[in-house]
Amino acid sequence: MYGECGARSECWEVFNSMAEHDVVSWNSIMGVMANSQAPISESVEVFSNMMRSGLTPNEVTFVNLLAALSPLSVLELGKQVHAVVLKHGAIEDKAVDNALVSCYAKSGDMDSCEQLFSEMSGRRDAVSWNSLISGYIYNGHLHEALDCVWLMMHSDQMMDCCTFSIVLNACASVAALERGMEMHAFGIRSQLESDVVVESALVDMYSKCGRIDYASKVFNSMSQKNEFSWNSMISGYARHGLGRKALDIFEEMQQSGANPDNVTFVSVLSACSHAGLVDRGLDYFEMMEDGGILPQIEHYSCVIDLLGRAGKLTKIREYIKRIPMKPNALIWRTVLVACQQSNDSERIDLGREASRMLLELEPQNPVNYVLASNFYAATGRWEDTVKARAAIEGAAVKKEAGRSWVTLGDGVHTFIAGDRSHPNTKEIYEKLSVLIQKIRNAGYVPMTEFALYDLEEENKEELLSYHSEKLAVAFVLTRSSSGVPIRIMKNLRVCGDCHMAFRYISQVIGRQIILRDSIRFHHFEDGNCSCGDYW
DNA sequence: CAATACACCG
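Residue numbers (the numbering used here): 74 to 608.
No lab work stands behind these hints, which were simulated from the structure alone.
Treat the hints loosely; a few may be bogus.
As the list claims (entries may be wrong) - Now the in silico label distances, taken between C-beta atoms and shown as ranges:
#, residue 1, residue 2, range
1, Gln-437, Arg-125, 38 to 44 Å
2, Glu-192, Thr-129, 22 to 28 Å
3, Gly-330, Lys-394, 35 to 41 Å
4, Glu-255, Ile-421, 25 to 31 Å
5, Ser-263, Glu-324, 44 to 50 Å
6, Ser-263, Glu-325, 54 to 60 Å
7, Arg-196, Glu-325, 45 to 51 Å
8, Asn-564, Gly-195, 39 to 45 Å
9, Glu-426, Asp-363, 43 to 49 Å
10, Leu-159, Ser-90, 34 to 40 Å
11, Glu-391, Gln-437, 46 to 52 Å
Claimed, not checked - Each computed SDA-like pair below joins lysine to any residue, with the alpha-carbon atoms no more than 25 Å apart:
#, residue 1, residue 2
12, Lys-298, Ser-246
13, Lys-499, Arg-513
14, Lys-385, Ser-246
15, Lys-290, Ser-263
16, Lys-511, Ala-474
17, Lys-511, Thr-498
18, Lys-511, Glu-473
19, Lys-385, Met-520
20, Lys-160, Glu-187
21, Lys-504, Asn-514
22, Lys-499, Glu-419
23, Lys-399, Ala-331
24, Lys-388, Gln-437
25, Lys-511, Gly-484
26, Lys-511, Asp-599
27, Lys-385, Glu-419
28, Lys-385, Ser-418
29, Lys-290, Asn-514
30, Lys-152, Ser-185
31, Lys-511, Lys-399
32, Lys-504, Val-479
33, Lys-160, Glu-217
34, Lys-167, Leu-150
35, Lys-318, Ala-248
36, Lys-298, Leu-265
37, Lys-298, Gly-195
38, Lys-504, Trp-478
We put the beta carbon where it would ideally sit given N, CA and C, even for glycine.
Just need the whole structure built from these sequences, with the hints factored in.
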């Protein structure tokens with residue numbers, strides 16, 4: 074009973090007070106440990122004690138033990154448990170097999186997963202399929218996961234709510250709109266779309282795939298909402314720069330009687346930040362503290378982000394002092410970005426401190442070197458930029474190349490900066506040069522401070538003009554002249570120059586451009602962006 | 001035994 078209520082210490086109290094333990098009592102306490110994410114070593118210890126007491130483990134024992142390993146499975150441990158399972162002849166049990174599939178998946182051993190799964194033919198259930206599918210996704214094999222979904226659909230196993238939630242989540246994380254819509258259609262056909270988890274996953278998927286309109290449609294049609302649904306919708310609007318709508322939903326959430334949690338406040342603060350509503354954000358931060366929700370380091374990071382957008386560096390210093398814990402890499406990254414974008418004279422010193430702390434705390438993260446070098450480049454200190462660049466080489470960290478992609482009828486087209494590998498390269502570059510001439514006539518001036526190397530002015534302009542997102546937009550224009558919005562995805566943050574250029578482009582071509590970068594969505598229309606140049 | 005939200009993410 075205490076286990077079901079999540080009262081871990083009470084469970085142990087009762088367990089320890091028992092004169093003797095049978096298999097059921099051991100199983101129960103192991104179940105409690107798995108649910109409360111106790112350290113793996115403790116669960117293994119309890120299992121050993123049980124074995125030592127001379128009892129024989131049963132199916133439930135193994136399922137609970139494997140569940141304890143599951144959160145961050147260790148392959149060696151999983152294999153050992155597997156061996157013990159085989160010794161006890163428990164392998165014919167569906168739940169134990171499924172737990173093993175899941176355990177191998179989390180350890181990254183998909184070969185063993187597939188092996189086990191194929192041996193289970195005849196006694197597979199939805200959980201077996203879902204474990205395999207989520208295993209593929211967990212290990213980054215989206216393609217195999219989708220193949221598996223297809224196989225599942227054509228097997229005699231029906232997909233269930235979990236299957237949809239798993240796959241929709243994967244579509245959301247790679248912004249695969251078309252796949253997500255297919256899943257939505259299957260869901261409707263299977264009459265699973267009215268499950269609150271599936272619907273929340275749909276809201277999130279549509280918002281992350283750029284269709285905030287569909288996201289809000291699904292959200293409004295929901296008959297029941299839980300905290301995930303509210304949080305998905307709020308963060309969805311925030312991500313699209315629709316801060317006021319996000320705050321409207323937040324108000325509605327409070328009126329509906331749902332309880333905003335710490336995730337809600339991260340979303341709300343980030344909504345204020347994305348919309349440039351600095352004072353309102355600070356009010357909400359106070360409201361959270363008054364409402365008895367203890368601010369986490371993420372909330373402080375949001376507040377610093379908020380102040381950074383308003384260029385209030387002195388206030389940032391104040392808030393850093395107020396953080397009750399030691400500022401982590403997230404905080405310093407946010408501070409560094411704030412300094413990069415500010416015009417305040419304080420930015421040099423504060424930015425220096427932030428970049429020093431950051432590289433000390435996380436020397437292995439390539440993103441930090443890029444941020445440091447961008448900061449120095451933006452402040453015109455080329456010697457330091459060169460040093461930061463050299464440090465990337467020295468630290469042997471691999472930075473991800475900037476990539477943009479678009480999905481047209483004939484598939485996905487990907488571009489990197491200066492890319493000449495596309496079969497239509499010639500037309501794309503011609504189109505781009507015409508486009509740049511047009512926007513220059515409209516008043517665009519290349520912002521060469523965003524070219525990262527210390528080059529002659531002219532070369533910088535050339536480097537900027539071949540950024541991947543500019544190539545992508547030129548490519549779309551070689552293909553279609555209709556009025557539908559142009560949708561571009563980018564893996565990194567959009568640079569200031571591309572952002573400015575896109576504002577002009579939306580104006581001269583009279584089309585809406587929706588650009589998703591690593592942070593959020595930008596809706597460009599008539600020379601303006603939904604982020605209001607806060608991003 | 002499988003599932004949904006945040007955070008400049010991995």
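Going down the list of hints, with the structure as the test:
At about 41 Å, the beta-carbon gap between Gln-437 and Arg-125 stays in the expected band of 38 to 44 Å. The supplied range of 22 to 28 Å is met by Glu-192 and Thr-129, whose beta-carbon atoms lie about 24 Å from each other. In this structure, Gly-330 and Lys-394 meet the distance hint of 35 to 41 Å, their C-beta atoms being roughly 37 Å apart. The given range of 25 to 31 Å is broken by Glu-255 and Ile-421, whose C-beta atoms sit roughly 51 Å from each other.
At about 35 Å, the beta-carbon gap between Ser-263 and Glu-324 misses the expected band of 44 to 50 Å. Taken as a hint, the range 54 to 60 Å is violated for the pair Ser-263 and Glu-325, whose Cβ atoms sit roughly 30 Å apart. A hinted range of 45 to 51 Å holds for the C-beta pair Arg-196 and Glu-325, which are about 47 Å apart. For the hinted restraint 39 to 45 Å between Asn-564 and Gly-195, the CB-CB distance of approximately 43 Å keeps it satisfied.
Distance hint check for Glu-426 and Asp-363: the Cβ-Cβ separation is about 31 Å, which falls outside the suggested range of 43 to 49 Å. Distance hint for Leu-159 and Ser-90: a CB-CB separation of about 35 Å, consistent with the stated range 34 to 40 Å. The beta-carbon spacing between Glu-391 and Gln-437, approximately 31 Å, falls outside the hinted interval of 46 to 52 Å. Of the supplied pair hints, the one linking Lys-298 and Ser-246 holds, its CA atoms being roughly 22 Å apart against a limit of 25 Å.
At most 25 Å may separate the alpha-carbon atoms for a hinted pair to count; Lys-499 and Arg-513 meet this at roughly 21 Å. With a C-alpha separation of about 33 Å, the suggested pairing of Lys-385 with Ser-246 is violated against the 25 Å cut-off. Among the hinted pairs, Lys-290 with Ser-263 is consistent with the structure: their alpha-carbon atoms are about 20 Å apart, no more than 25 Å. Restraint check: the Cα-Cα separation between Lys-511 and Ala-474 comes to about 28 Å, which exceeds 25 Å; the hinted pair is violated.
Using a Cα cut-off of 25 Å, the hinted pair Lys-511 and Thr-498 holds, with the two alpha carbons roughly 20 Å apart. Only pairs whose Cα atoms come within 25 Å are accepted, and Lys-511 paired with Glu-473 is rejected, the gap being roughly 32 Å. Taken as a hint, the Lys-385 and Met-520 pair is honoured in the structure, with Cα atoms around 24 Å apart against an allowance of 25 Å. Proximity of Lys-160 to Glu-187 is assessed by CA-CA distance (about 21 Å); at most 25 Å being required, the pair is judged to hold.
Between Lys-504 and Asn-514 the CA atoms are separated by roughly 15 Å; this keeps the pair inside 25 Å, and the hint holds. With a C-alpha separation of about 46 Å, the suggested pairing of Lys-499 with Glu-419 is violated against the 25 Å cut-off. The straight-line distance between the Cα atoms of Lys-399 and Ala-331 is roughly 32 Å, outside the 25 Å bound, and the hint therefore fails. Between Lys-388 and Gln-437 the alpha-carbon distance is near 30 Å, which puts this suggested pair outside the 25 Å criterion.
For the hint pairing Lys-511 with Gly-484, the CA-to-CA distance comes to about 29 Å; that exceeds 25 Å, so the pair is violated. A threshold of 25 Å between alpha carbons decides the hint, and for Lys-511 with Asp-599 the separation of about 15 Å falls inside it, so the pair holds. Distance restraint check for Lys-385 and Glu-419: the Cα-Cα separation of roughly 10 Å lies within the 25 Å cut-off, and the hinted pair is therefore satisfied. Between the alpha carbons of Lys-385 and Ser-418 the distance comes to roughly 11 Å, so the proposed pair stays at or under 25 Å and holds.
Between Lys-290 and Asn-514 the CA atoms are separated by roughly 40 Å; this puts the pair beyond 25 Å, and the hint is violated. Between Lys-152 and Ser-185, the direct Cα distance comes to roughly 10 Å. Compliance with the 25 Å bound is thereby established for this hinted pair. For a cut-off of 25 Å, the pair hint linking Lys-511 to Lys-399 is broken: about 50 Å separates their Cα positions. Annotation: proposed proximity of Lys-504 to Val-479 holds, straight-line Cα distance about 16 Å (limit 25 Å).
This hinted pair does not check out: Lys-160 and Glu-217 have alpha carbons roughly 32 Å apart, beyond 25 Å. Distance restraint check for Lys-167 and Leu-150: the Cα-Cα separation of roughly 20 Å lies within the 25 Å cut-off, and the hinted pair is therefore satisfied. Among the hinted pairs, Lys-318 with Ala-248 is consistent with the structure: their alpha-carbon atoms are about 22 Å apart, no more than 25 Å. A hinted pair counts as satisfied when its Cα atoms are at most 25 Å apart, and Lys-298 with Leu-265 qualifies at roughly 15 Å.
A distance of roughly 37 Å separates the Cα atoms of Lys-298 and Gly-195; the hinted pair therefore is violated under the 25 Å criterion. Between Lys-504 and Trp-478 the alpha-carbon distance is near 17 Å, which keeps this suggested pair within the 25 Å criterion.
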